[in-house]
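Colleague: In case you want the letters, here they are:
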Amino acid sequence: MKVALFIPCYVDQFYPQVGIATLQLLEKLGVRADFPKQQTCCGQPMANSGCERDAIPVYHNFVDAFDGYEYVVGPAGSCVYHVRKHFDIIEQTPAVQHVRTNTYELFDFILNVLGINEIPGSFPHKVGLHLSCHGQRGLHQANESEMTPVRDGQLRRLLSSMQGLELTELDRNDECCGFGGTFCVSEAGISARMGQDRVADHVRNGTRVLTGGDMSCLMHLEGIVRRAKLPIKVMHAAEILNGAIL
Amino acid sequence: MSHSKRSNIFLLDAERTTWHDETLWFVRQKRDKAVYATPEFQELRQLASDIKDHTLSRLDFYLQQFEENARRNGVQVHWAADAHEHNQIVLGLLKRHGATRVVKSKSMLTEECHLNPYLIKHGVDVVDTDLGERIIQLRDEAPSHVVLPAIHLKKEDVGDTFHLHLGTEKGNNDPQQLTETARQHLREKFLVSEVAISGVNFAVAETGSVVVCTNEGNADLGVNLAKVHIACMGMEKLIPRLSDLSVFTRILTRSATGQPITTYTSHFSKPAEGKEMHVVIVDNGRTKQLGRPDFRNSLKCIRCGACMNTCPVYRRSGGHSYDFTIPGPIGAILSPNIDMRKHASLPFASTLCGSCTDVCPVKIDIHTQLYKWRQVLGQEGEIPASKKWSMRLLSRVLSKPAVYGLGGKVARQGLRFLPHGLTHGKGYNPWAIARELPEPPKQSFREWYAQQAVK
Ligand code: SF4
Chain A
1 MKVALFIPCY VDQFYPQVGI ATLQLLEKLG VRADFPKQQT CCGQPMANSG CERDAIPVYH
61 NFVDAFDGYE YVVGPAGSCV YHVRKHFDII EQTPAVQHVR TNTYELFDFI LNVLGINEIP
121 GSFPHKVGLH LSCHGQRGLH QANESEMTPV RDGQLRRLLS SMQGLELTEL DRNDECCGFG
181 GTFCVSEAGI SARMGQDRVA DHVRNGTRVL TGGDMSCLMH LEGIVRRAKL PIKVMHAAEI
241 LNGAIL
Chain B
1 MSHSKRSNIF LLDAERTTWH DETLWFVRQK RDKAVYATPE FQELRQLASD IKDHTLSRLD
61 FYLQQFEENA RRNGVQVHWA ADAHEHNQIV LGLLKRHGAT RVVKSKSMLT EECHLNPYLI
121 KHGVDVVDTD LGERIIQLRD EAPSHVVLPA IHLKKEDVGD TFHLHLGTEK GNNDPQQLTE
181 TARQHLREKF LVSEVAISGV NFAVAETGSV VVCTNEGNAD LGVNLAKVHI ACMGMEKLIP
241 RLSDLSVFTR ILTRSATGQP ITTYTSHFSK PAEGKEMHVV IVDNGRTKQL GRPDFRNSLK
301 CIRCGACMNT CPVYRRSGGH SYDFTIPGPI GAILSPNIDM RKHASLPFAS TLCGSCTDVC
361 PVKIDIHTQL YKWRQVLGQE GEIPASKKWS MRLLSRVLSK PAVYGLGGKV ARQGLRFLPH
421 GLTHGKGYNP WAIARELPEP PKQSFREWYA QQAVK
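If you read the protein sequences in the order shown, they are chains A and B.
Going by full-length UniProt numbering, the residue at position 19 of the first sequence is 19; the numbering climbs one at a time, nothing skipped.
Going by full-length UniProt numbering, the residue at position 13 of the second sequence is 13; the numbering climbs one at a time, nothing skipped.
Only chain A is shown next, with the shape it has when bound in the complex (with noise of 0.2 Å):
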């Protein structure tokens, strides 16, 4: 099986420790993954903004430096689906089409392609799970409250199997939180809001460890919480499935 990482850029530049967490995991499961440096961005950032167009050659560029492997495997629900569903507006090749759909969120790779429903190592502490919207909603990687009650979902399963993990059970279970890519600087006081009220969810239901699929909410989490100086510690799911001890 040739596999590519895919590390979105600002997990590239300002959490490392999320892509080394990933490829240690993907190893644990027995696969190698190549990093094919060409690899940039997904180009979300300017389509969110209205620029898609401009986006153009990033997502050429995606396409080039996946093209040659039969997965790509990100630990970023957003920029996944961001690749899936609109990369749609350039010509689509047979490299375009193979791209678009072997590029898998890391944990809906581990369950769906490797067929892993459990992982292997105790993480003995109160864990509050952050859905990222685009995981959820986009490439329906767990319930939504607007369908059912039963909560339920690729990543609460996969951190359910570690032993002494406890899941934080939220008052909104999947309310947005506020992130929304460049919603945060252009509407950075809703967002502040936004995020501020999920964090205060966490807090009161007890979360020690704030992690998710998606370390772009959680870098806007991160933000806040720090910010607010609380003690609670935010974490890629990666991290915690990879063995990370606190």
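Honestly, I wouldn't trust all of these hints.
Said to hold, decoys possible - Where chain A lies over chain B, by a calculated footprint (3+ residues, C-beta under 8 Å):
#1 5 to 17
#2 21 to 34
#3 286 to 293
#4 305 to 318
Said to hold, decoys possible - Simulated pairs of lysine-lysine, BS3-like, Cα-Cα distance not exceeding 27 Å:
#5 B:Lys442 <-> A:Lys229
#6 B:Lys95 <-> A:Lys85
#7 A:Lys37 <-> B:Lys409
#8 A:Lys85 <-> B:Lys388
#9 B:Lys95 <-> B:Lys227
#10 B:Lys442 <-> A:Lys233
#11 A:Lys85 <-> B:Lys409
#12 B:Lys372 <-> A:Lys85
#13 B:Lys442 <-> A:Lys37
#14 B:Lys372 <-> A:Lys2
#15 B:Lys372 <-> B:Lys30
No wet-lab data here; the hints were simulated from the structure.
Every residue gets a Cβ at the ideal spot worked out from N, C-alpha and C, and that includes glycine.
For chain A, the structure is supplied; the task is to place chain B with the ligand on it using the hints.
Modeller: Quick look at chain B with the ligand alone, frame taken from chain A:
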């Protein structure tokens, strides 16, 4: 003023923001309970969506069918191309009857056409009879929600308003007493009004009748007492057959308030003996939207308000921050169709979380349309120049791996060595107003990876 500026004003009152958010979330939870208790709800959604799709694809046919059948019932049908024409038609009818007193039940269309100020300017005493609508009418405000027009107000605000306008005791904020006062006050209006104006929730092509859903029964009271009934409808309100109606009545209030059905679902088919009934069918930008393939779906909207209740942005910014008759996610799709420049910031007033799409009972792909509007606005030059140029620059950097690698390094080093006060200055870094920036690591992932390969 942009949406973000307006919402910053709303956010200043943190307590009210919390209250607004929690109240609407409560409504959303009531909706959830009603939906979970209806196992076939997702099939109903699909059915409703299909019926609307079908109707929109043959709108000309169904409009004609409706008109023919309505006329056969003795209803007079009028066509208005835009808001102004709509208002003129209504005023013309009032004049013909020498009517100066009008009661109106809730109608977002007449809000959209600014009918009230128009009639008032022409000497007509027009009174909104829906309680929420009446409250905001007394305060001279616009509705902030399509189902809960006065949801931005607390009971203290209503108490003050009634004290000022209806002479209740100062400081009396008891909802029951205030409602009773409103009821008495409105009763007087009902009794003397010559004409009743109503909105239309559904217009049935097959029967030529219109259906109005209310919880207060005020539309029925108005119509039955007045000599003339004028029903005003947007041309997208049509459904083909009477048997389609049940699909919509089952999803409408479940989505809106969590009720199984509205208290009053009234069918108006023909004028009573000696009375008149009119229907005004309004375009006002709807055919234009119908002609935009990416956005025509938005005409399926049945105005349940569920997308507003679920929208985390709406809940924290209030309906007035949208500065459009229909606020919230759906309003952000409908408004640029009417005035692209004025409403250019609305499609950006969303995180694209998609909750609106999942909640919408007629399956409008709301967040996808918001994304598409952003692209249209970008191409039409309706986004700020600073954004446009920074995105071009970003694209240059991100399409050249070498430039990106170097640029990232420089930026990270900059963040590491610049003083906190500079990187977190309020003037130039909106991120940092409420958040810390990530702590830049010594190495990027790619630098780490390159070292591993050497080892
Ligand atoms: S867009 Fe959908 S959810 Fe929003 S008001 Fe219309 S029908 Fe209701």
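Colleague: Would you mind marking each hint as holding or not holding in the structure?
Modeller: We went through each hint and held it up to the structure:
1. For a cut-off of 8 Å, the count of residues in the segment 5 to 17 of chain B with a CB near a CB of chain A stands at 4, and the three-residue condition holds.
2. A count of 3 residues in the segment 21 to 34 of chain B with a Cβ less than 8 Å from any Cβ of chain A is obtained; the coverage claim is therefore met, three being the minimum.
3. Given a C-beta distance limit of less than 8 Å, the hint that chain A covers the segment 286 to 293 of chain B is violated, as 0 residues qualify and 3 are needed.
4. Check on the segment 305 to 318 of chain B: 5 of its residues sit with their Cβ under 8 Å from a Cβ of chain A, so the three-residue criterion for coverage holds.
5. Between the alpha carbons of Lys442 (chain B) and Lys229 (chain A) the distance comes to roughly 23 Å, so the proposed pair stays at or under 27 Å and holds.
6. Proximity of Lys95 (chain B) to Lys85 (chain A) is assessed by CA-CA distance (about 55 Å); at most 27 Å being required, the pair is judged violated.
7. Restraint check: the Cα-Cα separation between Lys37 (chain A) and Lys409 (chain B) comes to about 15 Å, which is no more than 27 Å; the hinted pair holds.
8. About 23 Å separates the Cα atoms of Lys85 (chain A) and Lys388 (chain B), which keeps this hinted pair within 27 Å; it holds.
9. The straight-line distance between the Cα atoms of Lys95 (chain B) and Lys227 (chain B) is roughly 14 Å, inside the 27 Å bound, and the hint therefore holds.
10. Simply put, Lys442 (chain B) and Lys233 (chain A) have alpha-carbon atoms about 20 Å apart, close enough for the 27 Å limit, and the pair holds.
11. At roughly 30 Å between alpha-carbon atoms, Lys85 (chain A) and Lys409 (chain B) are farther apart than 27 Å, so this suggested pair is violated.
12. For the suggested pair Lys372 (chain B) and Lys85 (chain A), the alpha carbons sit about 12 Å apart, so the restraint of at most 27 Å is met.
13. The suggested pairing of Lys442 (chain B) with Lys37 (chain A) holds, with an alpha-carbon distance near 19 Å, which does not exceed 27 Å.
14. Between Lys372 (chain B) and Lys2 (chain A) the CA atoms are separated by roughly 35 Å; this puts the pair beyond 27 Å, and the hint is violated.
15. Only pairs whose Cα atoms come within 27 Å are accepted, and Lys372 (chain B) paired with Lys30 (chain B) is rejected, the gap being roughly 31 Å.
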